[in-house]
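**Student:** All chains, please: the whole structure from these sequences, using the hints.
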Amino acid sequence: MVRKVREWLENLMPNDITIVQCLDNSSFISSTEEGGDLPIRKFNNGDYHVDGDLSYVGKEKQHQLFKVIQPFLQLLEGQKVIFVIPQVRYDDPGLELNLRQQLADSKINYKDFLFCAGLGGFRVGDANPLVPNNKIDKEDDRCWRDDPVDLTTTGYERIVEALEREMEALKGGGKKRGADPQGGQAKRPRLTDTRAGWVTSTSGPARRVGDRV
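Numbers 17 to 229, taken from our numbering, label the letters of the sequence shown in order.
Check the hints yourself; a few may be wrong.
[Said to hold, decoys possible] DSS-like cross-link-like pairs, simulated, lysine-lysine; straight-line CA separation at most 27 Å:
| # | residue 1 | residue 2 |
| --- | --- | --- |
| 1 | K20 | K77 |
| 2 | K58 | K127 |
| 3 | K187 | K77 |
| 4 | K96 | K127 |
| 5 | K187 | K123 |
[What the hints assert, rightly or not] If you anchor each label on the Cβ, the simulated ranges turn out as follows:
| # | residue 1 | residue 2 | range |
| --- | --- | --- | --- |
| 6 | N27 | G137 | 14 to 22 Å |
| 7 | K127 | V84 | 12 to 20 Å |
| 8 | D166 | G94 | 16 to 24 Å |
| 9 | K20 | D121 | 29 to 37 Å |
| 10 | D63 | G94 | 37 to 45 Å |
Think of the hints as simulated: they come from the structure by calculation, not from any bench.
Bear in mind that the values here come from a model prediction, so they are computed numbers and not experimental data.
Yeah, the Cβ is synthetic: ideal placement off N, Cα and C, and Gly gets one too.
**Tutor:** Structure below.
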């Protein structure tokens, strides 16, 4: 991975922004009733199976995962970088609430990990607040499909919008766009420009095209 990142960095322009999202698959595990952790199994047909309850790894495991990717993160030092924490995986009113809290806590953890590694210039992005469950969303603005594991096109658009806000903050020296001078947060109108090429809109479920570091 380090070699590939070095090659990719050679093509970066000075104002390019790098989005790092690489811990989603390794951050979710299966928890047994006895408190043990099991890996999530993938079958030959591509389906995944969880033995027990789906859970998010704790701070110690998060730090272990961070140490694994730290060598290539250090290659990005001095670049404009948004480090995106894992995305919530399951739209269930009970389980999902617990996962969202764990993810919110992990945002603080990863900020600490980056700072202690001397990578304090990284921004930590979290799009999860913009993709609430369907019980909160209006019927015509749902973020999740009925399955309820996959995001809709609206859900993916909200993730892209969250990343666009983080990019604007980086370009603006750290200040996020849309701040109300009265002290509140101004509502940002939905973007209508062309979306990034790795997000496609179809009549079926939204799908992410290709891999992005």
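**Student:** Please go over all the hints and tell whether each is borne out by the structure.
**Tutor:** Outcome of the hint check:
Note on K20 and K77: the hinted pairing holds, with a Cα-Cα distance of about 25 Å set against a maximum of 27 Å. With a C-alpha separation of about 31 Å, the suggested pair K58 and K127 falls outside the 27 Å cut-off, and the hint is violated. Straight-line distance between C-alpha atoms of K187 and K77 comes to about 32 Å, which puts the hinted pair past the 27 Å bound. Note on K96 and K127: the hinted pairing holds, with a Cα-Cα distance of about 15 Å set against a maximum of 27 Å.
Restraint check for K187 and K123: satisfied, since their Cα atoms lie roughly 21 Å apart, inside the 27 Å limit. Checking the proposed 14 to 22 Å range against N27 and G137 shows it holds: the Cβ atoms sit about 21 Å from each other. The hinted window of 12 to 20 Å between K127 and V84 holds, with their beta carbons roughly 18 Å apart. Checked against the hint of 16 to 24 Å, the pair D166 and G94 fails, with Cβ atoms roughly 37 Å apart.
For K20 paired with D121, a C-beta distance near 31 Å keeps the hint of 29 to 37 Å intact. For D63 and G94, the hinted distance range of 37 to 45 Å is satisfied, since their beta carbons lie about 42 Å from each other.
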